[in-house]
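Residue numbers (my numbering), protein chains in the order written: chain A, 1 to 159; chain B, 1 to 706.
The set of hints was computed from the structure by calculation and includes no laboratory data.
Because the structure is a prediction, the values reported are computed rather than measured.
Each hint should be verified, as a subset may be incorrect.
Claimed, not checked - Below, a sample of chain B positions facing chain A; criterion: calculated Cβ distance under 7 Å: (1) Gly198; (2) Ala200; (3) Met328; (4) Gln619; (5) Asp647; (6) Met654; (7) Ser667; (8) Thr668; (9) Glu669.
As the list claims (entries may be wrong) - Partner residues are not named here, just some residues of chain A that face chain B (Cβ under 10 Å, in silico): (10) Trp25; (11) Lys37; (12) Ala85; (13) Ala92; (14) Gly103; (15) Thr107; (16) Glu143.
Every residue, glycine too, gets a C-beta built ideally from N, C-alpha and C.
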Amino acid sequence: MADITLRVNGSEKKVSVSPETPLLWVLRDTLELTGTKFGCGAGLCGACTVHVDGSPVRSCSTPVSQVAGKTVTTIEGLGASGLQALGQALQAAWIAEEVPQCGYCQTGQIMSAAALLAKTPQPSDAQITAAMNGNLCRCGTYERIRKAIHRAAGNGGAR
Amino acid sequence: MSPLSRREFVAAGVAAGAGLVIGFYLPHGKSSTAEVFSPNAYLRITSDNKVTIVVARSEMGQGVRTALPMILAEELEADWKQIEIEQAGASTLFGDQTTGGSASIRTTWDPMRKAGAAAREMLISAAALTWNVPRSGCTAERSQIKHAASGRSLSYGELASKAATLPIPTDVPLKQSKDYKIVGQRLARLDSPAKVKGEAIFGIDFRMPGMKFAVLSRCPVIGGKVSSFDDKDSKKISGVSYVGKIGDSAVAVVADSVWSAMEGRRVLNVTWDDGPNKDLNSAAAMASLKQGASKKGASLYSAGDVTKAAGHRVSAEYTLPFMAHAPMEPGNCTAHYQGTKCELWAPTQVPQDCRDSVATAVGLDPDQVKVNVTLMGGGFGRRLEHDYAVEAALVSKAISAPVKVIWTREDDMRFSTYRPASLHQLSAVVDASGFPVALTHRIIAPSISGQKGQPTPGNVDPDLPDEAGPVYGIPNYSLEYVMTETPVPLGWMRSVYALQAAFALESFIDELAVAAGKDPLQYRLKLLAKDQDLPYFSTTWKTARMRGVLQLAAEKAGWDKPLPAGRYRGIACFGCFASYMAEVVEITMENDQPRVHRVVAVVDCGQVVNPSILEQQIQGGIVYGLGNALRAKITIDKGRVVQGNFDDYAPLRMDETPTVEVYAVPSTEVPTGIGEPSVPPIAPALCNAIYAATKKRIRALPILNA
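Chain A with its partners taken away, still in its complex shape:
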């Protein structure tokens, strides 16, 4: 067990867990931020995607000790982070394009999309595919995800 301090969604959190605990379970079980999802536990599906110091990471495969002292943004904090406008635009686009079916993977999808648009405000289809290919969706919402990213980027859902 170790005391680890991290900054989550703008506030400082001290947790007492074994240092190898994946960030995912600290977020979900300790901090009760359940918007970040467990899908594979192996960095294969992207459902657990959060931002650490602004970069997208798979929280299921990131020991919490690695993020000590760092800034973590989850879906719950996206609309209030430094990416506030972007986060809200993405969430609005996701609703406008009617992306979610079961919705389980969508928070991870949105976190990956936010990281993409933060770096590449007007992504091409190829850039969207490259950024989003690590995020699985078993409901098959990929086409609408692509449209929603274009819409959030200001292209009105056009390709």
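For chain A, the structure is supplied; the task is to place chain B on it using the hints.
Chain B in isolation, oriented as in the chain A frame:
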């Protein structure tokens, strides 16, 4: 519920939709009180003008929490913006609550409409009484009753207490589709805002005070049992509070966090009794299908006499492997057993099965078990099983505390219930111009229901009547089923046997068209040229509707227009869950592998309730079906499932996803299934495109690593 009753439930819904059932079950819930107008269990209107519609199916992404309320709200003439939704748990008020068989709309279409219409008529009566005017002068509109002659109006909330005192009408007029204002509209899903903010609570997210977390170590060999276990190392893991045997074949590790439970399981030492299947492998499973092929089958459908047809004979065999559902949210369930009662929070397609099975497992009566239905991160049929719920209840009973049982992805992949592997023998006698005068399709596969010990009347799996119907009116036609056995656990996976049946039949029809030197679209249209009704169990397949979807798909795909160099097309059609579907696939070949660029999908599913949700279901079904066709294969070695995660069982990702154009044939017929019918045609359409590109015929799935 047994699959027989699943089958009957679907049949009843279809019959009711066709107007054959009089006095359709309209459950009556809580009695209306002075404050609450609740003429049936689906609806409550309170004096504060709140209209609450109860959804008695489970939301797994298919949109029932939006589409089913739309049906009731339409007849109620409700203001859609004021609607609130309540999820029903396991109940005795709604009949069978199973969510499966693409049946949520088709089985609730009548009761939801009648529930809304009855309430509307009562509110009109209440207003007429209040104003002392004839009912005929009062109209319902946007949650208000209006009296045009006097310009007066009252809200449903204002009328609720008076309406609650009135008798419930039994024979209520239903609206005509031309007057629909809600049904048929692209209304936004009500569940989207919470889902994009991370606020939606799925089963895995549910929490309650004092709740523990558990993971189970299960015997890796199918049918094996726990011989003994040593929990010494597990108990050294911080947070682990309990290790104990659950049932015959699992050991639970309970902790105060998921991670501690997983760590406790990682170091748990279990000695397994591998049991009778320790040498089982995939080759043996496929060999058992070959052996079954020599047996006489049960007849599913028969026309004319296939044995008397004379001419040139063409035959081919097709095989499909076991597949796993792999929904994004791994299995889980929260249970709180308290001696004389047990409460569950279950992501389940079968709340009533959960209730009944848990009651048996923990020694309670079914009415002592309460099942709350949570949101589901996908289902695809995996959550038609109730293993998670029974495990959670048993662990809660063992530790006398609330507990959430969580499965990992590897648990999900290795302890699933798999789509049955199958062998298909197709044989046709063709005339001088290459068209079949006789066609035989023998489906050789283990029975999902049979394996579960449920009835299989006439040696027919009870799902086949919804999933393997005759498509073409060939004069001599025999569809047969040979039931085999396998120790590999079987389950209902999206489109169930229709995927196998369509792959075999629609690949074979393509082979016949090629052999005849005909265009595959024109060949199919010729087979469907005559208007025919093909009665198949409780469904009547109409060649005209199948022809309609094919023609529209061909038109939208530009079938008669040339493609750019290197692009190839394939087409397939199929009918299942009472809906008709045709799909055209466009591919290129890159390094001997197909790349799918475009799919045109046309459905005839009767009245469309919500076109946006319909598109979601069809796009999703095609992406799911493409994943199945390209790579999905569960293999068995030494009695164990080999695949474990999304690396060796790899679904489609964005880079492989084509554009999917969706069209629905305009229709005012009774709505039919939409969750599954888009899945079966995609594999044969793709394989037919691959043939067009390469002249190689694929007769075994998956395409990429058969």
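Results for each hint:
1. Gly198: Status holds, d = 2 Å.
2. Ala200: 6 Å, holds
3. Met328: 4 Å, holds
4. Gln619: 6 Å, holds
5. Asp647: 6 Å, holds
6. Met654: B:Met654 check passes; min Cβ-Cβ to chain A is 4 Å, inside 7 Å.
7. Ser667: Violated. Min distance 22 Å.
8. Thr668: Violated - the Cβ of B:Thr668 stays beyond 7 Å from chain A, reaching only about 24 Å at its closest.
9. Glu669: 25 Å, violated
10. Trp25: 4 Å, holds
11. Lys37: Nearest chain B Cβ about 7 Å off; hint holds.
12. Ala85: Interface hint status for A:Ala85: violated (15 Å vs cutoff 10 Å).
13. Ala92: Status holds, d = 9 Å.
14. Gly103: Nearest chain B Cβ about 3 Å off; hint holds.
15. Thr107: 5 Å, holds
16. Glu143: Holds: closest Cβ of chain B sits about 6 Å from A:Glu143, inside 10 Å.
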